[in-house]
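**Student:** For reference, the chains in residue letters:
Protein chains: 2
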Amino acid sequence: MVIGAGNLATHLALALHRKGVNVIQILNRSRLAGEKLARRVKAGYHADFSAADFKADLFLLAVSDTAIEDVAKSLGLKDQLLVHTSGSVDMAVLSKASSNIGVFYPLQTFSKNKRINFGSIPLCIEANTHENEEKLLQLAKLISKKTRVLDSPQRKVLHMTAVFAGNFSNFMYTIAEDLLKKHGIPFSLLKPLILQTAAAARHEDVFSGQTGPAIRGDARIMDEHLEMLAKHGVYMEIYDLISKSIIKHKNRND
Amino acid sequence: MVIGAGNLATHLALALHRKGVNVIQILNRSRLAGEKLARRVKAGYHADFSAADFKADLFLLAVSDTAIEDVAKSLGLKDQLLVHTSGSVDMAVLSKASSNIGVFYPLQTFSKNKRINFGSIPLCIEANTHENEEKLLQLAKLISKKTRVLDSPQRKVLHMTAVFAGNFSNFMYTIAEDLLKKHGIPFSLLKPLILQTAAAARHEDVFSGQTGPAIRGDARIMDEHLEMLAKHGVYMEIYDLISKSIIKHKNRND
Numbered sequence: 054m055v056i057g058a059g060n061l062a063t064h065l066a067l068a069l070h071r072k073g074v075n076v077i078q079i080l081n082r083s084r085l086a087g088e089k090l091a092r093r094v095k096a097g098y099h100a101d102f103s104a105a106d107f108k109a110d111l112f113l114l115a116v117s118d119t120a121i122e123d124v125a126k127s128l129g130l131k132d133q134l135l136v137h138t139s140g141s142v143d144m145a146v147l148s149k150a151s152s153n154i155g156v157f158y159p160l161q162t163f164s165k166n167k168r169i170n171f172g173s174i175p176l177c178i179e180a181n182t183h184e185n186e187e188k189l190l191q192l193a194k195l196i197s198k199k200t201r202v203l204d205s206p207q208r209k210v211l212h213m214t215a216v217f218a219g220n221f222s223n224f225m226y227t228i229a230e231d232l233l234k235k236h237g238i239p240f241s242l243l244k245p246l247i248l249q250t251a252a253a254a255r256h257e258d259v260f261s262g263q264t265g266p267a268i269r270g271d272a273r274i275m276d277e278h279l280e281m282l283a284k285h286g287v288y289m290e291i292y293d294l295i296s297k298s299i300i301k302h303k304n305r306n307d
Numbered sequence: 054m055v056i057g058a059g060n061l062a063t064h065l066a067l068a069l070h071r072k073g074v075n076v077i078q079i080l081n082r083s084r085l086a087g088e089k090l091a092r093r094v095k096a097g098y099h100a101d102f103s104a105a106d107f108k109a110d111l112f113l114l115a116v117s118d119t120a121i122e123d124v125a126k127s128l129g130l131k132d133q134l135l136v137h138t139s140g141s142v143d144m145a146v147l148s149k150a151s152s153n154i155g156v157f158y159p160l161q162t163f164s165k166n167k168r169i170n171f172g173s174i175p176l177c178i179e180a181n182t183h184e185n186e187e188k189l190l191q192l193a194k195l196i197s198k199k200t201r202v203l204d205s206p207q208r209k210v211l212h213m214t215a216v217f218a219g220n221f222s223n224f225m226y227t228i229a230e231d232l233l234k235k236h237g238i239p240f241s242l243l244k245p246l247i248l249q250t251a252a253a254a255r256h257e258d259v260f261s262g263q264t265g266p267a268i269r270g271d272a273r274i275m276d277e278h279l280e281m282l283a284k285h286g287v288y289m290e291i292y293d294l295i296s297k298s299i300i301k302h303k304n305r306n307d
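Just so you know, the protein sequences line up as chains A and B, in that order.
Residues 54 to 307 (the working numbering) are what the first sequence spells out, left to right.
Residues 54 to 307 (the working numbering) are what the second sequence spells out, left to right.
You can take every hint at face value.
One copy or two, either will do: identical chains are not told apart, so a pair holds if it fits within one copy or between any two.
List time: in silico DMTMM-like cross-link candidates among lysine to aspartate or glutamate, alpha-carbon distance up to 25 Å:
(1) Lys-108 with Glu-88
(2) Lys-235 with Glu-290
(3) Lys-303 with Asp-276
(4) Lys-303 with Asp-231
(5) Lys-297 with Asp-231
(6) Lys-126 with Asp-271
Hints were generated in silico from the structure; no laboratory data involved.
Could you build all of it, start to finish, from the sequences and the hints given here?
**Tutor:** So, in structure tokens, the structure goes:
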């Protein structure tokens with residue numbers, strides 16, 4: 054049973070279906086997306102949440118963060134296992150909707166078009182009982198090689214750090230691309246550096262791989278860069294703040 | 054002829070040597086590193102820059118930015134082709150040292166221990182004559198599949214953008230690792246996201262792949278994250294500034 058038919062719902066339903074899990078129902082308010090996903094995983098479809106089939110072993114809520122609590126209640130469950138899939142929402146928001154609850158959170162950004170290899174995507178699990186945790190872990194291991202039990206506060210920290218490691222890195226690439234474009238230089242020149250930097254990031258050892266003017270304390274280059282960025286106020290601010298933070302971090306670690 | 058025996062000098066000399074280029078001399082003030090590199094590429098070694106063998110086709114200066122001008126002059130050249138390897142130094146600093154000058158800049162971070170596959174590292178070329186440019190391009194193409202002619206201002210922009218795309222991304226990973234460690238969560242959970250984000254960065258299209266609370270305008274999550282970061286002043290500042298910049302960038306592009 055999958056509730057939702059957005060990016061995450063689609064990728065999860067397909068991944069489970071491919072591993073032989075019987076997805077019996079897709080519930081989704083919007084008929085077009087719901088029916089399409091239901092066809093792909095050979096499930097029934099209902100627009101009405103109160104039509105949920107209570108025989109399902111698991112109710113997987115893949116809806117937006119703000120909708121989780123209301124949708125959960127509208128299912129009318131009692132003790133059926135109900136999980137949400139959000140990194141930033143407490144498991145406890147489900148507690149009024151069922152007595153067996155949990156979280157099934159895949160740490161990745163999903164876009165509709167890209168085929169996702171779930172095998173390498175970490176799945177973070179939480180549950181209100183050991184038995185539920187075991188059930189969710191077994192399901193998680195079917196589709197992912199990286200599973201991990203995290204409680205709600207830990208999951209929120211992980212979600213926040215993903216903003217730094219994923220979203221903010223991507224914005225660093227964006228700034229680089231933007232500045233290069235203004236000077237007629239192809240962004241492709243930076244691709245090997247970007248890939249190598251990402252590949253080199255190792256557990257417990259990321260800052261030891263830090264290079265560049267800030268970690269070298271090369272004030273001449275930093276000043277030159279800030280001057281070049283004077284026309285781009287926000288980029289200059291970002292350059293300045295991150296450079297100072299790198300220097301501070303270095304001094305703290307020395 | 055390679056002047057220097059640091060990371061870049063070592064990787065360049067080895068890459069050229071492997072491609073059959075005859076590296077005839079290594080000049081380096083520090084004997085230990087200089088002799089070691091000279092042995093590896095079967096070259097002569099001198100500590101004294103004035104002992105440069107003028108028969109060399111190319112004098113490749115791989116020394117620190119601030120040493121380039123002085124070392125160049127101390128070679129006592131007239132019209133021998135002399136290049137430096139820095140991203141942030143103007144070609145013109147060589148003009149007093151020879152009448153044939155250029156730049157041979159590999160866009161990558163080099164650490165001593167890692168074996169470097171030069172083939173995928175972009176080599177940016179500049180020269181004061183078309184003939185010199187051709188010579189340098191031919192040499193560059195021997196060791197790299199990505200060569201590009203850039204003038205000094207363009208090279209400086211590229212070097213600056215590499216700070217954003219490489220150094221600053223690495224610091225975003227560092228912040229993530231630091232926060233995860235404080236909560237007993239393994240950094241390895243973020244590795245697939247980091248690699249996927251880097252791999253997804255495509256020319257002319259990086260910002261279209263931007264995800265996360267800022268681009269969604271999800272103020273609830275951003276506030277929650279800022280609150281979680283309240284104990285980590287600098288990280289909070291960085292989160293706030295980059296999030297605001299993403300929102301600004303989005304509005305500009307809309």
